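Peer 1: Based on the provided sequences and hints, a complete structural model is requested.
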Amino acid sequence: MSEHTASNPKKDAISYAVTLTVLLVLTFITVGASYLDFGSGNVVIALVIATIKASLVGLIFMHLLHEKPIDGLVLVAGFLLLSLFLGFCFIDIDSRGDLQPANVKAPVLVPAKPAAPAAKHQ
Amino acid sequence: MSTAVVHDHESGHESHLQHHFADSEQQAETSKLGMWLFLATEILLFGGLFVGFGISQIKYPEAFLAAHEHLQKPLGFLNTVVLLISSWTMVMGVWSARNNKQKALQMFLLLTIACALIFLGVKYFEYSHKFEDGLLPGRFYTHSPMSDHQFVFFSFYFMMTGLHGFHILGGIGVLTWIYLRARRGEFSSAYYTPVDLVGLYWHLVDMIWIYLFPLLYLIK
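Protein chains in written order, with this note's numbering: chain A, 648 to 769; chain B, 0 to 219.
Be careful, since some hints might not be right.
[Unchecked claim] Pair by pair, the computed Cβ-Cβ distance ranges are:
hint: 1; chain 1: B; residue 1: L116; chain 2: A; residue 2: H713; range: 29 to 39 Å
hint: 2; chain 1: A; residue 1: C736; chain 2: B; residue 2: L32; range: 23 to 33 Å
hint: 3; chain 1: B; residue 1: R183; chain 2: A; residue 2: G688; range: 35 to 45 Å
[As the list claims (entries may be wrong)] Cut-off 25 Å, straight-line C-alpha distance, at most; resulting in silico cross-link-like pairs (BS3-like, lysine-lysine):
hint: 4; chain 1: A; residue 1: K657; chain 2: A; residue 2: K715
hint: 5; chain 1: B; residue 1: K100; chain 2: B; residue 2: K219
hint: 6; chain 1: B; residue 1: K219; chain 2: A; residue 2: K658
hint: 7; chain 1: A; residue 1: K658; chain 2: B; residue 2: K100
hint: 8; chain 1: A; residue 1: K657; chain 2: B; residue 2: K102
hint: 9; chain 1: B; residue 1: K58; chain 2: B; residue 2: K72
hint: 10; chain 1: B; residue 1: K100; chain 2: A; residue 2: K657
Hint data in this document are derived by calculation from the structure and do not stem from the laboratory. Computed from a predicted structure; not experimentally measured. Backbone N, C-alpha and C define an ideal beta-carbon position, used for all residues, glycine too.
Peer 2: Right under this line is the structure:
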């Protein structure tokens, strides 16, 4: 609370209005960019814009700019853990063969067993 | 901060200060840190779905591209705008409380609730449209053969927007509670922590939608 009693209410209100305007403009840009073809760059652009928007919400609307750093640290730690989760999962699927969900009844490649003469046993 | 101001405020509002805190400021900071920890767990809760979505999209890029054509971009865009505006009305609510503007606080809380209801209304139209077309999650999907894997997209679509929708519902609940307390004049510049914390929650719900919208609606 203390930080805010020192800040200027009028200036705060203006900064919130400006932030909203920027967020809306960025939303238009995201939609516009989705109609252009940047190949695999599209998802990167979408995520970068989304991260800029999320940062604006965090810094201005959630007052992280004026709060004690520990609050922001908790948020960043959350995202950091998520990126670990995401990163290792992507490394994993990138470095192994084909995966199928367990419930999909599609042909699964099984290494061919040597044709055993005792085919009767189950 | 000037101690004189704090003293002046506290003399009329001592009831909110719990005995195990040194002062109002320490109490507010502690509450906020607790809220941030909760928000971090929310990020991880949604994070699991985001990771699953990413992996499945890498796995079935064509299916995801084809499936996302069934989503109505304009409605997703409208909901994004509605949520962003609701974030602004929320932060203005906190601003009103901080600056002792009782009437403005109540108005901004009502506007935020109204935005949340509009969001859910639009979602209702989107969902019912998909139900009619058989665009349902998992084995309930009937729109095209299961072998094209579009059902995977809709499993994620309904889980992610559904979980987010429940967060909006919860938000409406706590916003209504805060509104009723605001009507009783419980908040002022000396004590508005509940408004502040509900605001943080509401902004996080907005933040999650900021990622959901491009990932679900704007696949290329």
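Peer 1: Hints first: check each against the structure and report whether it holds.
Peer 2: Hint by hint, here is what the structure shows:
1. Judged by the Cβ atoms, the range 29 to 39 Å given for B/L116 and A/H713 holds: they are separated by roughly 31 Å.
2. Separation of A/C736 from B/L32 is about 30 Å and conforms to the stated range, judged on CB atoms against 23 to 33 Å.
3. For B/R183 and A/G688, the Cβ-Cβ distance of about 53 Å falls outside the hinted range of 35 to 45 Å, so the restraint is violated.
4. Using a Cα cut-off of 25 Å, the hinted pair A/K657 and A/K715 holds, with the two alpha carbons roughly 22 Å apart.
5. Proposed proximity of B/K100 and B/K219 is contradicted: the alpha carbons are some 46 Å apart, above 25 Å.
6. At most 25 Å may separate the alpha-carbon atoms for a hinted pair to count; B/K219 and A/K658 exceed this at roughly 40 Å.
7. Only pairs whose Cα atoms come within 25 Å are accepted, and A/K658 paired with B/K100 is accepted, the gap being roughly 16 Å.
8. With a CA separation close to 17 Å, the supplied pair A/K657 and B/K102 stays within the 25 Å bound.
9. Restraint check for B/K58 and B/K72: satisfied, since their Cα atoms lie roughly 23 Å apart, inside the 25 Å limit.
10. Only pairs whose Cα atoms come within 25 Å are accepted, and B/K100 paired with A/K657 is accepted, the gap being roughly 13 Å.
Hint violations for this structure: numbers 3, 5, 6, all remaining hints satisfied.
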